[in-house]
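> Chain by chain, the residues run as shown.
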Amino acid sequence: MVSYLLRRILATIPVMLFVAVFIFLLLRLTPGDPATIIAGDFANETQVAEIREKLGLDEPMVTQFFVWIGNMVQGDFGESFFYKKQVSDLIASRIEPTLSLSLLTIVLTVTIAVPMGTLAAYKQGSWLDRGIMGFSVLGFSLPVFVIGYALIYLFSIKLGWLPVQGYQRISDGVGGWLLRLLLPSLALAVIFVAFIARMTRTSVLEVLGEDYIRTARAKGQTETRVLLRHALRNAAVPIVTVIGLAFAILIGGVVVTESVFTLPGLGLLTVEAVLARDFPTIQAVILLFSFIYVLINLMIDVSYTLLDPRIRY
Amino acid sequence: MATATLSPGRQTLRRIFRNPSVLIGGTLVLVIVLMGLFAPLLGTRDPSDISPKDRNKPPGYETTVRDYDGNKVPVVYRLGSDTLGRDVYSRIIYGARISLIVGIAVAAISISIGTVIGVIAGYFRWLDGIIMRIMDGLMAIPAILLAIAVVSLFNAGLASVIIAITVPEVPRVVRLVRSIVLSIREEPYVEAAITAGTRTPLLLVRHVLPNTIAPLIVQGTFIVASAIIVEAILSFLGIGIPPEVPTWGNIMAEGRSVFQIFPHNILYPGLVLALTVLSINMLGDGLRDTLDPRFAKRV
Chain U
1 MVSYLLRRIL ATIPVMLFVA VFIFLLLRLT PGDPATIIAG DFANETQVAE
51 IREKLGLDEP MVTQFFVWIG NMVQGDFGES FFYKKQVSDL IASRIEPTLS
101 LSLLTIVLTV TIAVPMGTLA AYKQGSWLDR GIMGFSVLGF SLPVFVIGYA
151 LIYLFSIKLG WLPVQGYQRI SDGVGGWLLR LLLPSLALAV IFVAFIARMT
201 RTSVLEVLGE DYIRTARAKG QTETRVLLRH ALRNAAVPIV TVIGLAFAIL
251 IGGVVVTESV FTLPGLGLLT VEAVLARDFP TIQAVILLFS FIYVLINLMI
301 DVSYTLLDPR IRY
Chain C
1 MATATLSPGR QTLRRIFRNP SVLIGGTLVL VIVLMGLFAP LLGTRDPSDI
51 SPKDRNKPPG YETTVRDYDG NKVPVVYRLG SDTLGRDVYS RIIYGARISL
101 IVGIAVAAIS ISIGTVIGVI AGYFRWLDGI IMRIMDGLMA IPAILLAIAV
151 VSLFNAGLAS VIIAITVPEV PRVVRLVRSI VLSIREEPYV EAAITAGTRT
201 PLLLVRHVLP NTIAPLIVQG TFIVASAIIV EAILSFLGIG IPPEVPTWGN
251 IMAEGRSVFQ IFPHNILYPG LVLALTVLSI NMLGDGLRDT LDPRFAKRV
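Residue numbers (this note's numbering), protein chains in the order written: chain U, 1 to 313; chain C, 1 to 299.
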């Protein structure tokens, strides 16, 4: 187990290294020299050269890369061109809304999708099943910003139940925080629910055909117990895998959702950084998101052994 | 049964056209394609025509404009106007063109590149490790963020948006093609062909590639759908196609500032976008069920 864990962690290093090289090269290949951008329109040659030296841009590419990676590992993401602040401070100040939105979305998704998929599998072929599967195709097709605006239109403008946009820090009151996150996380959860309900249905369906389910029923166990204890537990591994894969969609969705609901999180920061061509910030945010994504999938791989004792490494 | 006399190809075609998802999805897709093709004939005006006096009007707003001869001509804004007084109806109809171009271009390019790389990775084992690590790395970057990163390098435009959306799709195609190639190369007929001395290029073209066609058609429809969504997202965020070009994402971006008073600028293009993606996904689901039963079982 420990050796598996170690191997699995080591395997993520080349992936992250590739991501780092890719992002580094991507933004170094841009037309336009960062020093000129920082210096602004009114700088003269010497000022640009000074900044270039300060940033190490006159060093060879390979040296630049290792300096950059070294700084990243120590949590130094450089200075934002646009905000003139440390990128790490910028990220720290923007992380709360993103974290809140993601967590709430996942909680919402799992509580809706897993029972939905299990029910659809249990009542396979019924109208309920078809309805749930139909919703799942629909959920895939509705872009998150369309759902977001439709929800704002319905609940905030027509009915006036919820605030339209904006964010309130959790330290300023849990009620207001939750109220403002309800619509964004609901909008973001739709595609996620579609995805996970579908996968839950498939894997529960597969398990329901197994002999031990028949045995459990023959023993006279209640249907609820059969479903929860025997079916769902055995179907857990593929479901958890899909939840991990869906994180990629979640991260993409966060960028869009934060823009629709003007939540001042990392997603909105990414868009602002792209519009301002603020490369240190773009690099840091993309690297951070990719790192989180790889880390989550690593955790999920490891969680298999906890979910299913038959899996041993 | 009459079907017994039909060739296998015809039977497949028959099965495809009798699938309700294919029928409904396909018909809707056809309607949207025709809408894009015949946009000028559908009662539209120049989608970029600005009219300062007719800004932010509700759907069904009627007014008159002077034509080149100075005569007053009645015009109607079927779906209202945007903040610059442009006709939202015309912009939505013309917007279909950009969405379809982006969707089809991304699918075609990512499938072509992905198939070549996938076949190489699946068939030439010594390259497999390197190629797949690179693909893993690319897939570790969430698709929309990767697209945003690529698009931030270029000036906004159709070509850069297509490239930006294609890059994250390629590794997905590579994985699919590679997995098919890996399973095909163990088949007895491939081993027989190798024993018979078939050269590798011919072997790939004659025995391996045909097996990728059905899954790739299915995958292709899903790529078209997701590319259309990502294009709309990029345009909506203001980092995609330049704002004066009528695209669904741009119309929605334009409507953001006045959404609370004039929701139609966002809701109508959003509805058309959702319907388009839904019909393409339905077509894809139906094709998957009929073309590739193995695939259908998995998801």
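Please keep in mind that the hints were generated in silico from the structure rather than gathered at the bench.
C-beta atoms are modelled at their ideal positions from N, C-alpha and C, and glycine is treated no differently.
Keep in mind that the hints are not guaranteed to be accurate.
What the hints assert, rightly or not - Below, a sample of chain C positions facing chain U; criterion: calculated Cβ distance under 7 Å:
hint	residue
1	S48
2	A149
3	Q260
4	I266
> Taking the numbered hints from earlier one at a time, note which ones the structure violates and give those numbers from smallest to largest.
1
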